[in-house]
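Novice: Given the structure of chain S, go ahead and fit chain Z onto it with the hints provided.
Okay, here's what each chain looks like letter by letter:
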Amino acid sequence: MINKYSIFSLIKNAFSNHENWGKAWKDAEPKKEYDVIIIGGGGHGLATAYYLAKKHNIKNIAVVEKGWIGGGNTGRNTTIIRSNYLWDASAGLYDHALKLWEGLSQELNYNVMFSQRGVMNLAHNLQDVRDLKRRTHANRLNGIDAVYLNTEEVKKFCPIINTSPKIRYPVLGGTLQKRAGTARHDAVAWGYARGADEMGVDIIQNCEVKGVKRNGDSVEGIETTKGFIKTNKIGVVAAGHSSVIANMAGLKLPLESKPLQALVSEPVKPIIDTVVMSNAVHAYVSQSDKGELVIGAGTDDYISYSQKGSHDIVEGTLNAILELYPIFSRMRMLRQWGGIVDICPDASPIISKTSIKGLYFNCGWGTGGFKATPGSGDLFAHTIANNEPHKLNAAFNINRFVSGDLVDEHGAAAVAH
Amino acid sequence: MFIINCPFCGEREQSEFKAGGEAHIIRPKQPTELSDDQWAEYLFMRKNIKGIQFERWNHAHGCRKWFNLVRDTSNDEIKAVYKMGEKPPIK
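Residue numbers (the working numbering), protein chains in the order written: chain S, 1 to 417; chain Z, 1 to 91.
Okay, chain Z solo, but in the shape it has when bound:
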């Protein structure tokens, strides 16, 4: 359990949020031209990083807006918060 600083509402408990998994997975521009391997890569394959991860969250029991987090998955420490469409503030 940890506190998330929603870019729209401020600090709230993690239980108010829904995790949306790995961020910056780009939807294919030409879905009809993808091979089965490319579809599998897009739909199912995940980095599942132990360490610094870029991920999407939704403030499901609040403003219901999506945003991005940078979080260390080895200890749940949040490094940065940034809005959808913005570049990650750290590499």
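Only chain S is shown next, with the shape it has when bound in the complex:
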């Protein structure tokens, strides 16, 4: 690696006041033709390019991004990573990703600040208790770490939670996945971009796709704001805009794009050293290394690409947060934003080839795609390179909406939405 980051490079660059660090990746202009073009320069897209180059020896790759890399949902999520999903297919997919997260900083020679601080999911009624216990058993049968906690154990693990039986939705218990946690969202995009660039991948920013050129039932290239680029294989990783690209290719997807909001508070001293999620009252919170409380709100009800959400959604989340954590009652919120998430009817992603030859889609991650970034990229790269899915993403094909073999994770997993 040209600029290998280490304690020695840190010391060496200290002598020149850190003014001579090389660029982590180059800003490329498009060539006439590529073997594979990835549409979308977020974490999933960059990871796909990285693994295509690394594991499948395809070097002539472009990643085209309409804005700047990591500027979409990669930069807008709440950075939570976990794999405690109910169904076998989901457990396989998300735990594959979690295992890659565990070695990712070393793999990329880039600190993605992966912190296994644990994720706790709360139960507030008898059905929650039953569901969470069932999920704990399902997780353990799939080799995923999970424990069930009673109310006292919840209080011991996170003392600031109000476990009084007198609140509207009392805490009856919870589950804990200790291997789960958070990572630095931007660093994931930057680390994969740097690694991919090193292997010759062109990262083309400020290049919006305007059309997909087809010849019969196969693809020939893409029209962009920087001209026509020829290719036989296109991997679309455009999150909320997946349907827009699909429409260009004359394809319809089972997706609806909706705003999902998050917000952060002013920075304070360490107060919560884990991630706590509550599905029933819709409240989840963690604390960033800067000290801000990171709070995820829900999706709006309606289709929108406006990247702003409704105020009542934020209000509902904060009501729940304040009942569970009275200590936060005088915190001030610093920033609020929205990202556009593409949601499948069964709340599971699509990592699949399509009816058009050479056109592949990695979409439908909905409200929880960040945690899957490394696994998603790895499996999508496999699917593109071999024109066949890996066994871990075979269940996430687009034909499941025809066959009826859905992976119904709506409410079944520890999902917060």
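Because the hints were derived from the structure by calculation, they are not lab data. Take the hints with a grain of salt, since some may be wrong.
[To be verified] In silico DSS-like links for lysine-lysine, alpha-carbon gap of 25 Å or less:
hint : chain 1 : residue 1 : chain 2 : residue 2
1    : Z       : LYS91     : S       : LYS353
2    : S       : LYS308    : Z       : LYS18
3    : S       : LYS252    : Z       : LYS50
4    : Z       : LYS47     : S       : LYS353
5    : S       : LYS213    : Z       : LYS50
6    : S       : LYS357    : Z       : LYS18
7    : S       : LYS210    : Z       : LYS91
8    : Z       : LYS50     : S       : LYS308
9    : S       : LYS66     : Z       : LYS18
10   : Z       : LYS79     : S       : LYS308
Predicted model, so just to flag it, every value in this text is computed and none were measured.
Specialist: For chain Z alone, kept in the frame of chain S given last:
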């Protein structure tokens, strides 16, 4: 957040309404004769348009009646409101 002009109640906040998704998806007349592909198309496949979209809404916390909206999904601007069964006022 935006204001919706319910054709029955007048202007109300969007939080009073429930979005019903894409409008004018016609229920198949002969469901037993559909292929799996046609079922998938009817049940799951959506245009999910960025731009002018025709959609159904329900005034869930009001008169509870269904109606149609024409809305620009790129900026949430409402272009027209019309009742169920009526033709869209704009193309």
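Novice: Each of the hints needs a verdict: does it hold here or not?
Specialist: So, going through the hints one by one against the coordinates:
no., hint, in the structure
1, LYS91(Z) with LYS353(S), "violated, 34 Å"
2, LYS308(S) with LYS18(Z), "holds, 18 Å"
3, LYS252(S) with LYS50(Z), "holds, 13 Å"
4, LYS47(Z) with LYS353(S), "holds, 19 Å"
5, LYS213(S) with LYS50(Z), "holds, 20 Å"
6, LYS357(S) with LYS18(Z), "violated, 39 Å"
7, LYS210(S) with LYS91(Z), "holds, 23 Å"
8, LYS50(Z) with LYS308(S), "holds, 14 Å"
9, LYS66(S) with LYS18(Z), "violated, 32 Å"
10, LYS79(Z) with LYS308(S), "holds, 19 Å"
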